[in-house]
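Colleague: Chains A and B, in that order, are what the protein sequence lines are. First residue of the first sequence? That's 15 in my numbering, and the numbers climb one at a time after it. First residue of the second sequence? That's 252 in my numbering, and the numbers climb one at a time after it.
Just so you know, these hints were derived from the structure itself, not from any lab. Some hints here could point you the wrong way.
[Stated by the list, open to error] Label-pair restraints from in silico Cβ distances: (1) B/Met252 to A/Glu354: 20 to 26 Å; (2) B/Ala253 to A/Glu348: 53 to 59 Å; (3) A/Arg390 to B/Ser369: 43 to 49 Å; (4) B/Met252 to A/Leu90: 57 to 63 Å; (5) A/Ala362 to B/Met252: 33 to 39 Å; (6) B/Met313 to A/Lys394: 49 to 55 Å.
[Unchecked claim] In silico DSSO-like cross-links for lysine-lysine, where the CA-CA straight-line distance does not exceed 27 Å: (7) B/Lys277 to B/Lys437; (8) B/Lys277 to B/Lys258; (9) A/Lys45 to A/Lys253; (10) B/Lys367 to A/Lys481; (11) A/Lys337 to A/Lys201; (12) B/Lys298 to B/Lys483; (13) B/Lys403 to A/Lys459; (14) B/Lys437 to B/Lys367; (15) B/Lys404 to A/Lys394; (16) A/Lys225 to A/Lys45; (17) B/Lys404 to A/Lys459; (18) A/Lys248 to A/Lys201.
[What the hints assert, rightly or not] Example chain A residues on the side facing chain B (calculated, C-beta under 8 Å, incomplete): (19) Gln356; (20) Trp369; (21) Pro387; (22) Ser422; (23) Ser426.
Glycine residues also receive a C-beta, built at the ideal position from the N, C-alpha and C atoms.
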Amino acid sequence: MRGIVSIAGYVPYRRLQRSAVAQVFGSGGGKGTRSVASHDEDTTTMGVEAARLAVRSAPAAAPDAIWFATASPAYLDKTNATTIHAALRQPTHVSAFDFGGALRSGAGALRSSLAAAGTGTTLVVLSDLRDGLPTSADESAGGDGAAAVLVGDDGPGTPVIAEYLGGASVSDEFLDRWRTAGDRRSKVWEERFGETRYVPLGAEAWEAALKTVGVSADQVDQVAVTGMHGRAVKALARKLGVRDGVLADDLTTTVGQTGAAHPGLVLASMIERAEPGQVLAVVALADGADVLVFRTTDSLGAWSASHTIADQIAGAADLPYGKFLSWRGMVTPEPPRRPEPQRVSSTAAWRNEEWKFGFVGSKDRSSEAVHLPPSRISMKGGAVDDMEPVDRADTEATIATYTIDHLSYSASPPIVFAVLDFDGGGRFPLELTDVDPTTIEIGDKVAMTFRKLYTADGIHDYFWKAKPVRTGGSAAGGGAAGNSAAS
Amino acid sequence: MASHGIKDRVAIVGMGCTRFAEHWDKSLDDLIIEASQDTFAAAGVTKDDVDAYWFGTAQSGMSGITLARPLQLDGKPVTRVENYCTTGSEALRAAAYAVASGAYDVAMAVGAEKVKDSGYQGLNAFPIPGDGTARTLTAAAMFSMVAPAYGKKYGVGEDELTEVLARISWKNHQNGAQNPRAQFRKEVSTETICASPRVAGRLGVFDCAGVADGAAAAIVVRAEDAHRYTDKPIYIKALSFSAGSGSGLIDPEYDYTWFPECARAAEDAYQQAGITDPRHQLAMAEVHDCFTPTELVLMEDLGFAERGTAWKEVLAGTFDRTGELPVNPDGGLKSFGHPVGASGLRMFFEAWLQLRGEATPERQIHTDRTLALTHNLGGYPGEMVSFVSVVGTELG
Chain A
15 MRGIVSIAGY VPYRRLQRSA VAQVFGSGGG KGTRSVASHD EDTTTMGVEA
65 ARLAVRSAPA AAPDAIWFAT ASPAYLDKTN ATTIHAALRQ PTHVSAFDFG
115 GALRSGAGAL RSSLAAAGTG TTLVVLSDLR DGLPTSADES AGGDGAAAVL
165 VGDDGPGTPV IAEYLGGASV SDEFLDRWRT AGDRRSKVWE ERFGETRYVP
215 LGAEAWEAAL KTVGVSADQV DQVAVTGMHG RAVKALARKL GVRDGVLADD
265 LTTTVGQTGA AHPGLVLASM IERAEPGQVL AVVALADGAD VLVFRTTDSL
315 GAWSASHTIA DQIAGAADLP YGKFLSWRGM VTPEPPRRPE PQRVSSTAAW
365 RNEEWKFGFV GSKDRSSEAV HLPPSRISMK GGAVDDMEPV DRADTEATIA
415 TYTIDHLSYS ASPPIVFAVL DFDGGGRFPL ELTDVDPTTI EIGDKVAMTF
465 RKLYTADGIH DYFWKAKPVR TGGSAAGGGA AGNSAAS
Chain B
252 MASHGIKDRV AIVGMGCTRF AEHWDKSLDD LIIEASQDTF AAAGVTKDDV
302 DAYWFGTAQS GMSGITLARP LQLDGKPVTR VENYCTTGSE ALRAAAYAVA
352 SGAYDVAMAV GAEKVKDSGY QGLNAFPIPG DGTARTLTAA AMFSMVAPAY
402 GKKYGVGEDE LTEVLARISW KNHQNGAQNP RAQFRKEVST ETICASPRVA
452 GRLGVFDCAG VADGAAAAIV VRAEDAHRYT DKPIYIKALS FSAGSGSGLI
502 DPEYDYTWFP ECARAAEDAY QQAGITDPRH QLAMAEVHDC FTPTELVLME
552 DLGFAERGTA WKEVLAGTFD RTGELPVNPD GGLKSFGHPV GASGLRMFFE
602 AWLQLRGEAT PERQIHTDRT LALTHNLGGY PGEMVSFVSV VGTELG
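Pulled out of the complex, with its shape left as it was, chain A reads as follows:
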């Protein structure tokens, strides 16, 4: 039996009230909110966050491969999945591949891994950043987020919580939405044309999938239809023939449409609410249609989400529209008058991969002093080369003191910076993110989050920051899985 071993969604902390758009421009926007990636997030960092959550809920699983799909890659040419690989501290024999470019690559990667029985455990990470020009439909309807699905064959350490029953894909060449490399925005053909293509393609795939798995439409307990073409999604949903109440929340009123990530995000959301023995289906419309059908297993009862999407939706904070525009590069506010950062040294980053990407320090075996970053010679007692690695990425920390820097270079000043004392030992001064500077207090708990510090010469500087642990859902787990990673 192959299927889902663990799954998680990641929704960034900030929300844009869609009504804010019309308040500025007099038009555009709409109702509800959309998620907004922080200025220090990209599809890779969001993918890391989703992957950390998924892995935390299945601590015994060891992926053989990491597949990363996005329509907004942080790098071209260079594989982004290797960054996720490094942040998850995976051994070199775990392969890492990108599925790049198209919106459909998300659903495609997911279906490919599910259909490949006997190929081991694959961590499929879907991530996307969606927007458009100010007042556009894409700007309001879009959302930012990621999902990670640990796909594997049922076995000891990898109990499948949702068996993949089968699916169907149909493909067709027609131009509904497109973007050429380097373009800042997507363009769309007249909406009616896309609708006339997507609805029959979706219906065809739906019928084929149900037939393949031997389930009738009225036996489906939850189904989510997703795609960038909102009208087609709504029209198809009405034609599925499922029972009342089966159609799942597609998260578009709260999170927005997260493009390549969305099939994974709605799937995660359904599984978080599912009972064992339910039939779940996802229908994704992009240049054709992909349908995936699952049945949750008894193992679902013993599984729990590290940080549910519902909690992430509830624990959000609004972002002013001006900040949204500046974070997306649509407007350029005056930067601090300080020199811009220099590009990261590739060789130095490689030598320090465990520290930079994995937040792994060292602990002196004799004095037990924790060194962040790792050190060869101990600060206590002076022992030489007698250290063991110590993971701190999944360890919570307490703010010992902090400051707010109005002068340092930042894509979104001011920088909030705190001296952190880690549970289990170790201190490191680190930037805080997803935080309101007026609410910080000494003694507050924080959790680590993987971020992009800046970009120089096209090189993204990935490292860790800390964010507040908010009540109503732990930001970083801290459960059994979280603690097991700390030595």
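Following the hints, position chain B against chain A.
Modeller: The following block gives chain B in isolation, referenced to the frame of chain A:
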């Protein structure tokens, strides 16, 4: 293994110091030449009489050639020195040791910095290729963490602490206002200081050192030769230096209320100089007031006040120019300005003027004490280098 020091073996016989300012019209070479010529004149020597040179600059140039070219020193041993903001002090330390060792008869230390050619406010470190994980905070932000930690540890309320820090800034502006070489020559009210825009944490513009261009220099010779050059030599009683391991940044035991590197350097300097009661033995002290909380904490690290009491002494005026122990009578980094490579030597220059009775009359300190201290630090809380010297007018 010991720190023996070179008490009374070396004397300063000539010094010079430019005004510290935004010298838009002066190059690094102009500043070097001005400070050096004044110093040669003060010692009554020419550049050829000097056997060896040490040149301190943090980032205005590289190698001894940066000094040798403008002064046209031909074939002399000229070495560039850099050690964060203690660069100027380190140039003098090297020159003094060279003379004390017997290697040279006459040595010169020159410190200079051209900060205001960068186009940015504040000081900006030279970028070194790295893995991108080093913190990118300003010095102001790093030092801003000291004040709340100090207040919490010693029960000083936020408003009271603001008053203490403003008092330090006010004092240094008072002193600078009297000093023709200072960058800022205006008195500033504590109300203005408290209302200034925030830079980092609770620190405002008036809590931060002035950023200026400038140069300063000193010529040193063996103590027994000093009177050949001047009737009023200043003898080196102690030169001490302490570099931290940087562990304060990652050691949970460090609490941001003191600078261990400075306390260690002070202890060593007092031992070298034979000082047991600095507050009552020193005529004055120049300390590294890069930010107002730095000066507050230094009063305790240098032994001028008991732990947890410096804030009361500040408010009582103990460290005013007319107080029990004048601190930063020249205005300090705060109002004299901080051209990094020159600052350490500028501190010696104030000791040189005051101990020789050559400060302008309105700011001359009148005292029977014959010793002065200079303290110069570089880096940040937790990751710091610190220098302390004691100089005096008498041998023994």
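Colleague: Evaluate each hint against the coordinates.
Modeller: We went through each hint and held it up to the structure:
no. : hint                             : in the structure
1   : B/Met252 to A/Glu354: 20 to 26 Å : violated, 46 Å
2   : B/Ala253 to A/Glu348: 53 to 59 Å : holds, 56 Å
3   : A/Arg390 to B/Ser369: 43 to 49 Å : violated, 35 Å
4   : B/Met252 to A/Leu90: 57 to 63 Å  : holds, 59 Å
5   : A/Ala362 to B/Met252: 33 to 39 Å : holds, 35 Å
6   : B/Met313 to A/Lys394: 49 to 55 Å : violated, 36 Å
7   : B/Lys277 to B/Lys437             : holds, 23 Å
8   : B/Lys277 to B/Lys258             : violated, 38 Å
9   : A/Lys45 to A/Lys253              : holds, 25 Å
10  : B/Lys367 to A/Lys481             : violated, 37 Å
11  : A/Lys337 to A/Lys201             : holds, 24 Å
12  : B/Lys298 to B/Lys483             : holds, 21 Å
13  : B/Lys403 to A/Lys459             : holds, 19 Å
14  : B/Lys437 to B/Lys367             : holds, 21 Å
15  : B/Lys404 to A/Lys394             : holds, 25 Å
16  : A/Lys225 to A/Lys45              : violated, 38 Å
17  : B/Lys404 to A/Lys459             : holds, 21 Å
18  : A/Lys248 to A/Lys201             : holds, 21 Å
19  : Gln356                           : holds, 4 Å
20  : Trp369                           : holds, 7 Å
21  : Pro387                           : holds, 7 Å
22  : Ser422                           : holds, 5 Å
23  : Ser426                           : violated, 14 Å
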